[in-house]
Amino acid sequence: MIRFLILSLSLIGTSLSMVMADSPWTVELVPFEKSDDQQIGGIDVLPDGRVFVCFHQGEVRLYNPETKVWTTFAKGLHEPLGVYAESESSIVVVQRPEITRISDTDGDGVADRFRSISDDFGMSGNYHEFAFGPIKDPDGNWIVALNVASNGAGIRDEVRGDFLEVGLPREDFYVDDWQTAKNAAGRMYSRVAWRGCIVKIDDATGEITPFAYGFRSPNGIGFDAEGRLYASDNQGDWRGTSPLYHVEEGGFYGHPASIPWMPDFDGRPPLDIPIEELEERRTPAAIWFPHGTMANSPTEPILIPEGFGPFAGQMLIGEMNRPRIVRLILEEVNGVVQGACVPFIDDSGLASGVNRLAFGPENTLWTGHSHLSWAGGEGMTKITYDQAVKQQDVSSLKIRRDGFEVTFIEPVETPREITLSSFAYLYQKDYGSPKIDERTEDFEVEKTSPTTFRLTLKKPLREDFCYEFHFGDATHPMVAYTVREIPASN
Amino acid sequence: MILTAGVIAAALMVTASAEEKIHYSAITAVEGLQFDPVRIKARAGEKLRIAFFNEDPNDQPHNIVIIKPGTLEEIQAASMAVTGDSQAKGFVPESEHIIAASGLLNADGSEELLFAMPEEKGVYHYVCTFPGHALLMYGAIYVGVSPGSITDDLNVPAVARNAEKERKEAILSVERPGMYRIFMEDAGPAAIAVALPHEFNYCWDAGNGRLRHLWIGDFVDATGLWRSNGNGFAKVLGEKIWQSQPGEKQYGLQFGESSPKSFSYLGYDLVEGHPLFHYLVDGKEISETLTSSLDGVAWTFTIDDPDVEVRLLAPTSEKASISSDTGARDGDWWVVPQEAASSFTLTLKKS
Numbered sequence: 030m031i032r033f034l035i036l037s038l039s040l041i042g043t044s045l046s047m048v049m050a051d052s053p054w055t056v057e058l059v060p061f062e063k064s065d066d067q068q069i070g071g072i073d074v075l076p077d078g079r080v081f082v083c084f085h086q087g088e089v090r091l092y093n094p095e096t097k098v099w100t101t102f103a104k105g106l107h108e109p110l111g112v113y114a115e116s117e118s119s120i121v122v123v124q125r126p127e128i129t130r131i132s133d134t135d136g137d138g139v140a141d142r143f144r145s146i147s148d149d150f151g152m153s154g155n156y157h158e159f160a161f162g163p164i165k166d167p168d169g170n171w172i173v174a175l176n177v178a179s180n181g182a183g184i185r186d187e188v189r190g191d192f193l194e195v196g197l198p199r200e201d202f203y204v205d206d207w208q209t210a211k212n213a214a215g216r217m218y219s220r221v222a223w224r225g226c227i228v229k230i231d232d233a234t235g236e237i238t239p240f241a242y243g244f245r246s247p248n249g250i251g252f253d254a255e256g257r258l259y260a261s262d263n264q265g266d267w268r269g270t271s272p273l274y275h276v277e278e279g280g281f282y283g284h285p286a287s288i289p290w291m292p293d294f295d296g297r298p299p300l301d302i303p304i305e306e307l308e309e310r311r312t313p314a315a316i317w318f319p320h321g322t323m324a325n326s327p328t329e330p331i332l333i334p335e336g337f338g339p340f341a342g343q344m345l346i347g348e349m350n351r352p353r354i355v356r357l358i359l360e361e362v363n364g365v366v367q368g369a370c371v372p373f374i375d376d377s378g379l380a381s382g383v384n385r386l387a388f389g390p391e392n393t394l395w396t397g398h399s400h401l402s403w404a405g406g407e408g409m410t411k412i413t414y415d416q417a418v419k420q421q422d423v424s425s426l427k428i429r430r431d432g433f434e435v436t437f438i439e440p441v442e443t444p445r446e447i448t449l450s451s452f453a454y455l456y457q458k459d460y461g462s463p464k465i466d467e468r469t470e471d472f473e474v475e476k477t478s479p480t481t482f483r484l485t486l487k488k489p490l491r492e493d494f495c496y497e498f499h500f501g502d503a504t505h506p507m508v509a510y511t512v513r514e515i516p517a518s519n
Numbered sequence: 003m004i005l006t007a008g009v010i011a012a013a014l015m016v017t018a019s020a021e022e023k024i025h026y027s028a029i030t031a032v033e034g035l036q037f038d039p040v041r042i043k044a045r046a047g048e049k050l051r052i053a054f055f056n057e058d059p060n061d062q063p064h065n066i067v068i069i070k071p072g073t074l075e076e077i078q079a080a081s082m083a084v085t086g087d088s089q090a091k092g093f094v095p096e097s098e099h100i101i102a103a104s105g106l107l108n109a110d111g112s113e114e115l116l117f118a119m120p121e122e123k124g125v126y127h128y129v130c131t132f133p134g135h136a137l138l139m140y141g142a143i144y145v146g147v148s149p150g151s152i153t154d155d156l157n158v159p160a161v162a163r164n165a166e167k168e169r170k171e172a173i174l175s176v177e178r179p180g181m182y183r184i185f186m187e188d189a190g191p192a193a194i195a196v197a198l199p200h201e202f203n204y205c206w207d208a209g210n211g212r213l214r215h216l217w218i219g220d221f222v223d224a225t226g227l228w229r230s231n232g233n234g235f236a237k238v239l240g241e242k243i244w245q246s247q248p249g250e251k252q253y254g255l256q257f258g259e260s261s262p263k264s265f266s267y268l269g270y271d272l273v274e275g276h277p278l279f280h281y282l283v284d285g286k287e288i289s290e291t292l293t294s295s296l297d298g299v300a301w302t303f304t305i306d307d308p309d310v311e312v313r314l315l316a317p318t319s320e321k322a323s324i325s326s327d328t329g330a331r332d333g334d335w336w337v338v339p340q341e342a343a344s345s346f347t348l349t350l351k352k353s
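Protein chains in written order, with this note's numbering: chain A, 30 to 519; chain B, 3 to 353.
A portion of the hints provided could be inaccurate.
For lysine-lysine, the following BS3-like pairs were computed, each having C-alpha atoms within a straight-line distance of at most 25 Å [unchecked claim]:
| id | chain 1 | residue 1 | chain 2 | residue 2 |
| --- | --- | --- | --- | --- |
| 1 | B | K91 | A | K464 |
| 2 | A | K104 | B | K49 |
| 3 | B | K49 | B | K23 |
Hints were generated in silico from the structure; no laboratory data involved.
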């Protein structure tokens, strides 16, 4: 083995630069009529390759990739933000007020039956109470994420469901001077059922069971290859930077607004609970997405199938604020899921606002774009993989007791510049967090195989810190690993 | 001599203060990654004071960066290239095209910029360079150039250019019969707006199984909702002729004198484009639909095996009449006897 001593974190390598053609992934725009609503809330693909897509203004259209023709399947839904295709004549959609099964019963290609699977959750009428999903668990239940309300607005005169009297009294929501009331409401608040929770919904009875708590704006849920559930969330109050959570039943993921929906709720308004207590209870993020550089608003996580390139079994996740899809490299350490994020496609003809992702037959990835009133984009793209084109990148990054093991796709003779810094984010009520306790890390590099290098840090690893690498050999140099657990051995 | 000198001095002062005259504009970052106003005018070489406010209700940080004519695309691209020190620089890219820039303001923040416009005439831009915002969030400063009609102005974002056009399309795009589940005033949040032929329109509330209001004329203006994240209401166009009373726990139909113990909304079928609503009241299935003729609206119910009289919330209105050959009025309620309640129709007409 060759052992290099890295002095003060960088080394200029002499490796033969690989001849890189274009990216192995080709991004193609799907054509739309100019007047069409092109903000996409949900995508799912039928086995024959046709794609169900739901849109901001309430339409569901079916796209035929062979003929490039769109047909309208349903209209008039209320901000649908997810679709699950059961067949060419039946889909399940999550819209603001309910989870709905939409069917074409007479075979004319247009839906005529709209059945509520469940509308047994609250609506205060606040614009921020989006509903995300659905995904289907192995028992056939629907998993849906219910967003909290934002104090960017109040509540409506009439709400649906019972209004929870905890914290700001309901009548104070109706004062003329909302600017004064808003702070008492909490930046994000949950005053009707299951807001800030991920819930499980029985398909036959419509019964809703809260599954996990403590979410803020979980615009993206998905399973990995082992059936573990993940939810992304957005930087904001109680979110120092945007996180990805590994979601387990009964867990609390840090945003206190939904605590009143937990079975052991003791009546204290969420904002009165001491932060030490919240800190004790919460499960931290499996991945932090460094704000401003990696992702500002991550969306739907999705498993990469075989045949879409060298990352099968890892996950991809969309990002709203820039033309980027991010790749997730997760591992389990001491029973805790944690890992790294790295840009997967940057620009390359992609629009910003990758809100939804779905794989179809022949390893085609479809992306649906949106922005609503935030940063993002519009339209839909089709991404295909060409195995003849090679691209160098980090294929895996694993933590060791005293450092990391990085593996590249293609062999590396001598690594080019590698830099590493570590930092953390605050868990706090305030919006976002600066990077704290940031330092550059010194390390030694040891080659352990043609593609693999061990990085041994001079200083011990820090738990609950993010380690941000820049690998000079990679097409996407920045890789950020979130350390929750440190393995006991190498 | 002394007097003359004084006059000259006074004249010079006037001249100096005229040169120092400062043109004032206020620009606000508003919802939907937009500046308001999206167009301002200035004179070549004059001093411009811009008071910039971030009133975006969505907690987005914003800045305002004044840039030279013809450089918008370059600055938009540069704003996306985030590097390690971008944050420290308030996400203002390095560029010789920048005339002035504010800091990055969080929601409710404000800052004043004072700078001199260059001497060249042309269309300058102001843009938010926070990553991801610049493609949507910019406005134009017209210096010695006429702004022209906003609907044809390629110097402003499409959303501003199309606002008026979109408003018209949003009103006209509904096919009758047609429907939207959408936020409506005078209804709960699970409202459904339905456009019927013959210019009748109604709002039905899936939260409590209740017809909420009826209007004649154009359908709704949903522009505000469709251009944003759904905050606000679809505005009723036309004339409201009938309205039910407020109350979130007030159901539309009950059996006998007592309020429903349970209500469950089941969904709807589209029957020739008309929604046929299905719901359960105290476990009994009810179907309800409205159809129209030139004359008025037929409001029809079928009820699965009613065992007592059915009371329907149907308050009177000065602008509409409610009648039926089945049952009779009792205050705000229309009461249908048990033996006729399995299927009955009320007629709503404009008075």
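Do the hints match the structure? See the list:
At roughly 15 Å between alpha-carbon atoms, K91/B and K464/A fall within 25 Å of each other, so this suggested pair holds. The straight-line distance between the Cα atoms of K104/A and K49/B is roughly 52 Å, outside the 25 Å bound, and the hint therefore fails. Distance hint between K49/B and K23/B is fulfilled; the C-alpha atoms sit about 7 Å from each other, no more than 25 Å.
Of the hints listed earlier, the one the structure fails to meet is number 2.
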